[in-house]
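This is what each chain is made of:
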Amino acid sequence: MSLEAPEPSTHADVGVTEEGLDYDALESLLGDAVIGRETHVNAEAFVVRPDRVANALSVLKEEAGFDHCSCVTAQQYEDRYESIYHLKKYDDPTQEVGVVVPTSVSKPASQSGESVYRTADWHEREAYDLVGIDYDDHPDLRRILLPETWQGHPLGLNYDQEQHQVVPLTEHANPLQEDHQEGADTMFLNVGPHHPATHGVLHLKTTLDGEQVADVESDIGYLHRCEEQICQQGTYRHQIMPYPDRWDYISAGLLNEWAYARAAEDLADLDVPEYAQIIRTMSAELCRIASHLLAVGTFAIDVYGDFSAIFMYAFRDREVVQNILEDLTGQRMMFNYFRLGGVAWDLPEPREEFFEKTRDFLDELPTRLEEYHNLISSNEVLQLRCVDTGIIEPEVAKDYGCTGPVARGSGVDYDLRRDDPYGYYDQLDWDVITEGGCDNYSRVLVRLREVEESAKIIEQCINLLEEWPEDEREIQSNVPRTLKPDADTEIYRAVEGAKGELGIYIRSDGTDTPARFKIRSPCFSNLQALPEMAQGEYVPDLVAALGSLDIVLGEVDR
Amino acid sequence: MSLVDILGNALGLGPLGPLEDLLLSFVGAAFVGTFILLNTAVAGPWAKRKITAAFTDRVAVNRVGPFGLLIIIADAVRMLSKELIIPDGVDRPAFDLAPLVLVASALLGFAVIPMGNGIQLADPEVGLAFLFAVASIASVSLVMAGYASNNKYSMLGGLRAVAQNVAYEIPLVITAMSVVLFAGTLQTSGIVSAQAAPLVTIAGVSIPSWYAFVNPFAFVLFIAANMAEVGRNPFDVPEAPTEIVAGYQTEYSSVYFVLMYLGEFIHIFLGGAILATVFLGGPAGPVLPGIVWFTIKIWAFFLFTQWARSALPRVRIDQLIEIGWKGLLELSFVNLILTAVIVGVIV
Amino acid sequence: MIGLLKGMATTMKHALDGSTFTVEYPDDPPEVSPRFRGVHKFSQERCIWCRQCENVCPNDTIQIVMDEQRNGEQYNLHIGQCVYCRLCEEVCPVDAILLTQNFEFTADTKDEFAYNKEQLKNVPWYKDIDPLASREPDRGAWIGEGEGEVDYQ
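Residue numbers (the working numbering), protein chains in the order written: chain A, 2 to 559; chain B, 26 to 372; chain C, -11 to 141.
For the record, the hints were derived by calculation from the structure and aren't laboratory data. Note that this is a predicted model, so its numbers are computed, not measured. Note that the Cβ used here is the ideal one computed from N, Cα and C, for glycine as well. Where hints are given, some of them may not hold.
What the hints assert, rightly or not - Here are the computed lysine-lysine pairs in the BS3-like style, where the Cα-Cα straight-line distance is at most 25 angstroms: (1) A/Lys206 <-> B/Lys177; (2) C/Lys115 <-> A/Lys358; (3) C/Lys1 <-> B/Lys75; (4) B/Lys73 <-> C/Lys1.
To be verified - Quick list of the computed label-pair ranges, beta carbon to beta carbon: (5) C/Thr10 <-> B/Ala147: 44 to 50 angstroms; (6) B/Leu328 <-> A/Lys206: 16 to 22 angstroms; (7) B/Val368 <-> C/Thr8: 36 to 42 angstroms; (8) B/Leu95 <-> C/Val11: 38 to 44 angstroms; (9) C/Tyr13 <-> A/Arg482: 52 to 58 angstroms; (10) B/Gly352 <-> A/Ser379: 16 to 22 angstroms; (11) B/Gly352 <-> A/Ser59: 33 to 39 angstroms; (12) A/Asp186 <-> B/Ala221: 56 to 62 angstroms; (13) B/Pro223 <-> C/Thr10: 44 to 50 angstroms; (14) C/Pro17 <-> A/Ser379: 39 to 45 angstroms; (15) A/Lys206 <-> C/Ile36: 56 to 62 angstroms; (16) B/Asp113 <-> A/Asp161: 50 to 56 angstroms.
As the list claims (entries may be wrong) - Where chain A lies over chain C, by a calculated footprint (3+ residues, C-beta under 8 angstroms): (17) 18 to 24; (18) 30 to 40; (19) 104 to 114.
When you get a sec, could you build the whole thing from the sequences and use the hints?
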């Protein structure tokens, strides 16, 4: 783990040229570790020998500046297993490279990337759990989503879906058994899976020293719903789109839909009309506001107690957003509003009414935010509680692949809306919010301030939509009824979800359903960093740190 | 004239013998207890919901009876008809006793509180000392509950409760002592009557010398310590549902839970009663009878705790202890010494 | 201290202004927007049994049974399993299946939610809103046929 700050780089990153990345330079940098090269839609990928993974990754990280291991995708082909490390740069996420590690079917084992990127730990555990690849010298290769006693690896090709899975209680530790150890001066405490502050079914195995957290380990997977598999069985054109709403189900539905829409549109080379892009941008930012309001509200419950007025105020304001979204999309949470190549509906008629309703909300918002600031950010007791607790340094945050408000609360200036523009964001006037505090307080402050920025974006979108000429309101491009992207096209694309970088990896096999559909969930990576924030803090700070991470278990477990 | 004498007169009895005295004391105690429990019954299931709802822009209970008031009965039936779950491995006598001790300790305190119209069960010379003594028996019951429950969250809650009560009991008593210096007596009725004298008269309206006006600094200190003593925001760490899942009462269900809950509310009212007696002139007030003023004052404190709940974050346990020992304790001693000097110089 | 007082002043302001946000639900049924997607309504008279809804349904909620002459016999829809994505309405060329605004449905067991075509037909409109009327204006736009073939049988 590289906790110390990196040396100020005296040399430019290898491979960076005026025209973009020079992949040949990167290939020669990797030397004989490379055994081939693939072209993915988003970037070139190097095929690397399974016993040289750590070396190749560390060269790419140290010399070429790829400090962000965005995602690790594992999949099985007929003749091999494959792990793909999707690498990016925090400074410029458009500079991407893939590292493909093939392993044999008979003995799927490759070197772990955990020693280079901390975030690979959980990603590789997931790959082991679902696909069945072994990672040599991984520090802790256990199942992560499925129960310990699960038989087989469900995303492997020869997995028997009919096989009965027996998960007997006797296999697990008896919850009532004596766990007192002579001489031990720590106490083991289960926080969750049913605990008021875990925001869902999350289980934190906590070791306490007095009331201070000596160690905490997240046990996830209680809400695993095979979302990736569901998407692999759905057709690109229609059947996948309803499901992204259900990953991060806390009103961030449209942001998730956009992640799939962006990946699939780039994969199948579909255009989106400008008018539809503006509607997408506007509605996605409405979702972001709703999601951030909820995050602030639940954080308040964690820190203030369950009679806090803030939670209800946040819910009330979110309700207004949801009403607007209901008018637009027809549903309050499970929108299913985006379509490949556009959106399902134009703005509701009469348009003036919709604009007025949205404007009313935006006009009201500064007063509301003032209230939140009165209740939250300017409250001395809250500052006492949250400033300088739950610290995560920027370098550690990068190492864990933290994105979104968590990274921006640590001063990592990373926002895909600006750095890897999509939609209509690059033509609007708004700012990326960062706070340098690295603590619980900064993360909450980032969310509150981002609400303001989102409001700015919505305002501008509304102005554009209002003046859009009536005969040019094209909401969908002409997309084939059945979409069959070319076989073996691979893409990894991400958007800035409410919680951070929400990425989708799709591999097509020439049919109308994806061969591999992998979701890179921002909550998954953010949650992995929890021990860094909570160790040495008190139990209330553990709870506050968890609240400030704003995880949604639906997205963590998928 | 004490409550017993009033009852004796009302029943037309002559000078009371010891047996009659005892019986009438029981009657009086039943009366006071019922009065307090009535307040609690209104506060717990109904007023608290309504107050919280008002702060959060909601309506709250309004379906059962006028203004939803019958929810009190519905809730009572609901709570009492639930299954009483006793978890494995609890320490039975302590687990069963804890809720009773909690309620009893709070109710005992009301014995020496003058409630106006002569309603005061007993008026010992050491009234105030007795009051603080019985009120802090509650910590024993909390640690009993927390330790006997065989639950780690309960134990953390119980330990927090004790740490908190010890840290805040001392500033509370010391601040009250500064009032005793003014009044020159520990007798609660004496403290109340000492506050009856007018402080200043402005435009014909005379402001009584309630110690809240005489020594506002002590008043604020006392409120802060009192909030911690009754365990309400920002000092509700022993319960802290989002951290340690309601702490010491995690394992209590059904009747025991009702008792726990009741005990907490009686404690809030007792806190309000102490505050009223020591700083707000007890049952004194214009126009309305004393008992009404007394009720208004204890409800005002209850309202204040709920108000604080809606807006204030809870502090962390170590910060709480720090505030108690390093902040309030010092300030209360400063207050005591200053008061002593002032009283010594003036008197 | 100022911050604490500001916070308390804010909540007190809310308590005193008397405005509430509660919807007293059964007495006061909420307004739903015209695009809202609730329980399905099915019209056998319109249906041409093209089975497109069954095909597009992402989680096999719709089950259609036909006889040998490809005449429709059963149209079953499990409204408890449905994700209310409205794709069936979107692909239906004849508006035989519609999502009403009605969100009020209860049952004692899960299988009571498996509606057959009679039950689907009897689903009431919510507040007499005909969803077709409110969604009609841009129907042409969102159906987006594209170049692919359309096979009604």
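How the hints compare with the structure:
{"no.": "1", "hint": "A/Lys206 <-> B/Lys177", "verdict": "holds, 13 angstroms"}
{"no.": "2", "hint": "C/Lys115 <-> A/Lys358", "verdict": "holds, 22 angstroms"}
{"no.": "3", "hint": "C/Lys1 <-> B/Lys75", "verdict": "holds, 16 angstroms"}
{"no.": "4", "hint": "B/Lys73 <-> C/Lys1", "verdict": "holds, 18 angstroms"}
{"no.": "5", "hint": "C/Thr10 <-> B/Ala147: 44 to 50 angstroms", "verdict": "holds, 47 angstroms"}
{"no.": "6", "hint": "B/Leu328 <-> A/Lys206: 16 to 22 angstroms", "verdict": "violated, 42 angstroms"}
{"no.": "7", "hint": "B/Val368 <-> C/Thr8: 36 to 42 angstroms", "verdict": "violated, 50 angstroms"}
{"no.": "8", "hint": "B/Leu95 <-> C/Val11: 38 to 44 angstroms", "verdict": "violated, 22 angstroms"}
{"no.": "9", "hint": "C/Tyr13 <-> A/Arg482: 52 to 58 angstroms", "verdict": "violated, 41 angstroms"}
{"no.": "10", "hint": "B/Gly352 <-> A/Ser379: 16 to 22 angstroms", "verdict": "holds, 21 angstroms"}
{"no.": "11", "hint": "B/Gly352 <-> A/Ser59: 33 to 39 angstroms", "verdict": "violated, 51 angstroms"}
{"no.": "12", "hint": "A/Asp186 <-> B/Ala221: 56 to 62 angstroms", "verdict": "holds, 57 angstroms"}
{"no.": "13", "hint": "B/Pro223 <-> C/Thr10: 44 to 50 angstroms", "verdict": "holds, 47 angstroms"}
{"no.": "14", "hint": "C/Pro17 <-> A/Ser379: 39 to 45 angstroms", "verdict": "holds, 40 angstroms"}
{"no.": "15", "hint": "A/Lys206 <-> C/Ile36: 56 to 62 angstroms", "verdict": "holds, 58 angstroms"}
{"no.": "16", "hint": "B/Asp113 <-> A/Asp161: 50 to 56 angstroms", "verdict": "violated, 40 angstroms"}
{"no.": "17", "hint": "18 to 24", "verdict": "holds (count 5)"}
{"no.": "18", "hint": "30 to 40", "verdict": "violated (count 0)"}
{"no.": "19", "hint": "104 to 114", "verdict": "violated (count 0)"}
The structure fails hints 6, 7, 8, 9, 11, 16, 18 and 19 (numbered hints given earlier, in ascending order).
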